[in-house]
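One-letter residues, chain by chain:
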Amino acid sequence: MIEIRFHGRGGQGSVTAAEILAKAAFKDGKSVQAFPFFGVERRGAPVMAFTRIDDEPIKMRYQVYNPDYVLVLDEGLLNVVDVFSGIKDNTEVIINTKTFEGSGDHEVHKIDATGIALDMLGRNIVNTIILGYFAKKTGVVSIDSLLEVIKETFPGKIGELNAEATKKAYDMG
Amino acid sequence: MVKEVMTSNKAVAEAVRLAKPQVIPVYPITPQTTISEYLAQYVADEKIDAKYVKVESEHSAISAAVGASGAGVRVFTATSSQGLMLMHEILYAAAGMRTPFVLADANRAISAPLNIWNDQQDSIAQKDAGWLQIYVEDAQEALDTTLMAYKVSENPDILLPSMVCLDGFILTHTVEPVEIPDQESVDAFLPPYVPEHAYLDPKDPMSIGNFADPEYYMEARHDMDVAMNNALDVIQKTCDEFAEIFGRQYGLVEGYKTEDAEIIYVAMGSLCSSIRVIVDELRAKGEKVGLLKIRSYRPFPVDAINEVVKNCSKLAVVDKNFAIGMGGALFGDMKLKIDKEIYGFITGLGGRDITPEALNEIYEITKNGPENDVTWIGLKEE
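For the record, the sequence lines run as chains F and R. Taking our numbering, the leading residue of the first sequence gets 1406, the next gets one more, and so forth. Taking our numbering, the leading residue of the second sequence gets 3, the next gets one more, and so forth.
Hint data in this document are derived by calculation from the structure and do not stem from the laboratory. Yeah, the Cβ is synthetic: ideal placement off N, Cα and C, and Gly gets one too. You may find that some hints are simply not true.
To be verified - The list that follows gives simulated cross-link-like pairs (lysine to aspartate or glutamate, DMTMM-like), each with its CA atoms no further than 20 Å apart:
{"hint": "1", "chain 1": "F", "residue 1": "1541", "chain 2": "F", "residue 2": "1497"}
{"hint": "2", "chain 1": "R", "residue 1": "312", "chain 2": "R", "residue 2": "335"}
{"hint": "3", "chain 1": "R", "residue 1": "259", "chain 2": "F", "residue 2": "1461"}
{"hint": "4", "chain 1": "F", "residue 1": "1464", "chain 2": "R", "residue 2": "6"}
{"hint": "5", "chain 1": "F", "residue 1": "1435", "chain 2": "F", "residue 2": "1549"}
{"hint": "6", "chain 1": "R", "residue 1": "316", "chain 2": "R", "residue 2": "363"}
{"hint": "7", "chain 1": "F", "residue 1": "1432", "chain 2": "R", "residue 2": "6"}
{"hint": "8", "chain 1": "F", "residue 1": "1556", "chain 2": "R", "residue 2": "6"}
{"hint": "9", "chain 1": "R", "residue 1": "382", "chain 2": "R", "residue 2": "355"}
{"hint": "10", "chain 1": "F", "residue 1": "1493", "chain 2": "R", "residue 2": "359"}
{"hint": "11", "chain 1": "R", "residue 1": "5", "chain 2": "F", "residue 2": "1459"}
{"hint": "12", "chain 1": "F", "residue 1": "1464", "chain 2": "R", "residue 2": "181"}
{"hint": "13", "chain 1": "R", "residue 1": "5", "chain 2": "F", "residue 2": "1433"}
As the list claims (entries may be wrong) - Covered stretches of chain F, going by a simulated chain R footprint (3 or more residues, C-beta under 8 Å):
{"hint": "14", "region": "1421-1429"}
{"hint": "15", "region": "1440-1448"}
{"hint": "16", "region": "1462-1471"}
Please put together the full structure from these sequences, using the hints given.
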């Protein structure tokens, strides 16, 4: 059982990222489950979303407390919420940042997803891009399935651009 | 047949598309809203050939549903929480007028305090309205149960409406793999609705839901009790027929590792999945424990329950609702109808997460002998 927690802000696509990851892992032949932190969502407010991936059918319905991976879409959240909450010694944390200097005792992976997004998409939407980096760093999901689901989720030009940006982040991983 | 990753709300909408209702009066409310959105989209895209009735309240939605069903067509509506409360008056009328339509309820807490999260108080508050109530565990079961509900409700021996109860957020907003049956198979399982009882026919006019004086009222209500009892058999047969076509077997209840269990959890809805995990973990430690999942809460399947619990010594009934001063509704019904040592646990109200620790605590308390017959689990101490 692999549990992934996403941190973002309302409107940044954290919930969509969790669902895209689930759908891609499902294409890889895995059992999946994805859900938002249940609540009232507002644009700009801190939000969380979760994905579970396993070889066996997933039964548990309680929340994710000790994630194996944490993906932070917005480094501004680091001053607002404890993105390291409940992490284990071997939990891998990926942060979208240009400036973050580490968290003291827990090593983090850093990717400037915002830079890629502004460069390739023309706007700061990083939810698919950080998944590309995640796919390469962890091997939890195949890049082929990921790109397929991104194109299905965003039909047309936007999907193509997102897939290219995601591939670029994958190659940087 | 295709398998896709989707929420239970979408799974319900897919079932409705496949069931081909002709009228869909619905009013949005969290966490049901996406059901009404998907259906509006399907009607606009001509994937469903139905009249989508936009109404100004849930009271109007259910009233339009009764009217349309009384006109003799297949009808679907959906709601949640305060919306179901507003429907209360007409829920009784729908059952009393024997209009066999289907309502999906996204289970959510009741005000006050205002709360949009999951428990099952809303549908439990309507348990005596004369509706069949089926509680589903996952998105696949939400889809399958919505299809089966039409077949059961429309059976001439039943003619009572069905409520498909799915846990708000925990199911309605969680995506997981769901197998979508093909239209041909669904058409074979669920042919078009042909009303045989009360419906609008200008050539043979009749009046339904009319004035019934003391000479007639009791018989009309008694007929509903007979129909509800008939539903026990019809639900099981419908589940068996569904299994033959679609390969997924459901029943009135399900026993999980109950054959040699000394203690059995009893629960409804998505909570059953988490309990399965805990049962497996406790079994690995040598504990003789199982789960009784109640799918059909109305009708209440006494014989099927007795068959599952016959060998156990204690039952731990977990309710996500409560009647003040009385414990949970399922606990009360079990105490009334089942002759076993039964303890009640109230937890998960208003979206309080039901953790593995909470479920283990319920087991430990039951095993050691509770001080009270009803125990609240997960309360903050202060």
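Here is what the structure says about each hint:
no., hint, verdict
1, F:1541 to F:1497, "holds, 13 Å"
2, R:312 to R:335, "holds, 17 Å"
3, R:259 to F:1461, "holds, 18 Å"
4, F:1464 to R:6, "holds, 18 Å"
5, F:1435 to F:1549, "holds, 15 Å"
6, R:316 to R:363, "holds, 15 Å"
7, F:1432 to R:6, "holds, 10 Å"
8, F:1556 to R:6, "holds, 16 Å"
9, R:382 to R:355, "holds, 12 Å"
10, F:1493 to R:359, "holds, 18 Å"
11, R:5 to F:1459, "holds, 17 Å"
12, F:1464 to R:181, "holds, 17 Å"
13, R:5 to F:1433, "holds, 13 Å"
14, 1421-1429, "holds (count 3)"
15, 1440-1448, "holds (count 5)"
16, 1462-1471, "holds (count 7)"
Violated hints: none; the structure is consistent with every hint.
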